[in-house]
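2 protein chains.
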Amino acid sequence: MIAQTPKPPYFAVIFTSVRTQGDQGYNAMSDEMVESVQNQPGFLGFESARNDIGITVSYWKDLESIQNWKKNERHTVARNNGREKWYAQFRVRICKVEREYGWEK
Amino acid sequence: MIAQTPKPPYFAVIFTSVRTQGDQGYNAMSDEMVESVQNQPGFLGFESARNDIGITVSYWKDLESIQNWKKNERHTVARNNGREKWYAQFRVRICKVEREYGWEK
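Chains as they are written, first to last, in the numbering used here: chain C, 1224 to 1328; chain Y, 1224 to 1328.
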């Protein structure tokens, strides 16, 4: 569930959102995006959690890979639906991961 | 709930974790940390969500501010308890936020 990412530097997209009420096709599209992004060149992994707000962080090899995923046709449909139906509010932050460490019991 | 952050560049610490079972003082310390970090120089805001995994992203003016918070005495106690009691696994990523945009209905 915690993404296994390579040695930095690499990139992260932090997507923080507040959902509208009801599903309205959100879960089906979410599943499709999770499956589709795995085949995207430069994709390194993602982490996601939601209760009051949702946070999804996707990890990428470089900025070009992030741009290419943004141009993906179905992802564009998903983003348009996001604004029309699924989200009351969101924020996107593009970051360069400079340092990383982990710990396991 | 979504952090109101300034124009980039600034920094983000992505903390992704898997909890152990039971509270064991976690929630009280979590509340204390949330209150304490607000007074920390260079702190810009944070976002947090948990279901299967927890993701907490804190935002900072610069790397020095992140280091200073790491040295905070109670935060050090919290981190030690984290390893001893509260977390089965975690990962920390220090990032430079390069670009940001938001949207609201």
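Read the hints as simulated data drawn from the structure, not as lab findings.
Keep in mind that a hint or two might mislead.
The list treats identical chains as one, so a pair stands whether inside a single copy or across any two.
Stated by the list, open to error - Below, a list of computed lysine to any residue pairs in the SDA-like style, where the Cα atoms sit at most 25 Å apart:
no. : residue 1 : residue 2
1   : Lys1308   : Leu1286
2   : Lys1319   : Asp1285
3   : Lys1328   : Ser1288
4   : Lys1308   : Arg1273
5   : Lys1230   : Gly1248
6   : Lys1294   : Ser1253
7   : Lys1319   : Thr1279
8   : Lys1319   : Phe1238
9   : Lys1230   : Gln1244
Cross-check of the supplied hints:
1. For a Cα distance limit of 25 Å, the shortest separation of lysine 1308 from leucine 1286 qualifies neither inside one copy, at 28 Å, nor across copies, at 38 Å.
2. Taking the shortest Cα distances, lysine 1319 and aspartate 1285 sit within 25 Å of each other both inside one copy (9 Å) and across copies (14 Å).
3. Taking the shortest Cα distances, lysine 1328 and serine 1288 never come within 25 Å of each other, neither inside one copy (33 Å) nor across copies (28 Å).
4. For the identical chains of this complex, lysine 1308 and arginine 1273 are neighbours both inside a copy (18 Å) and across copies (23 Å), given an alpha-carbon limit of 25 Å.
5. Taking identical chains as interchangeable, the C-alpha atoms of lysine 1230 and glycine 1248 are never at most 25 Å apart, the minima being 37 Å within one chain and 34 Å between chains.
6. Only within a single protomer do lysine 1294 and serine 1253 lie at most 25 Å apart by alpha-carbon distance; the minimum there is 17 Å, versus 39 Å between protomers.
7. Taking the shortest alpha-carbon separations for lysine 1319 and threonine 1279, both the intra-copy value of 16 Å and the inter-copy value of 17 Å come in at or below 25 Å.
8. Taking identical chains as interchangeable, the C-alpha atoms of lysine 1319 and phenylalanine 1238 lie at most 25 Å apart whether they share a chain (14 Å) or sit on different chains (15 Å).
9. Proximity of lysine 1230 to glutamine 1244 under the C-alpha cut-off of 25 Å is found in neither arrangement, the shortest distances being 39 Å within a copy and 30 Å between copies.
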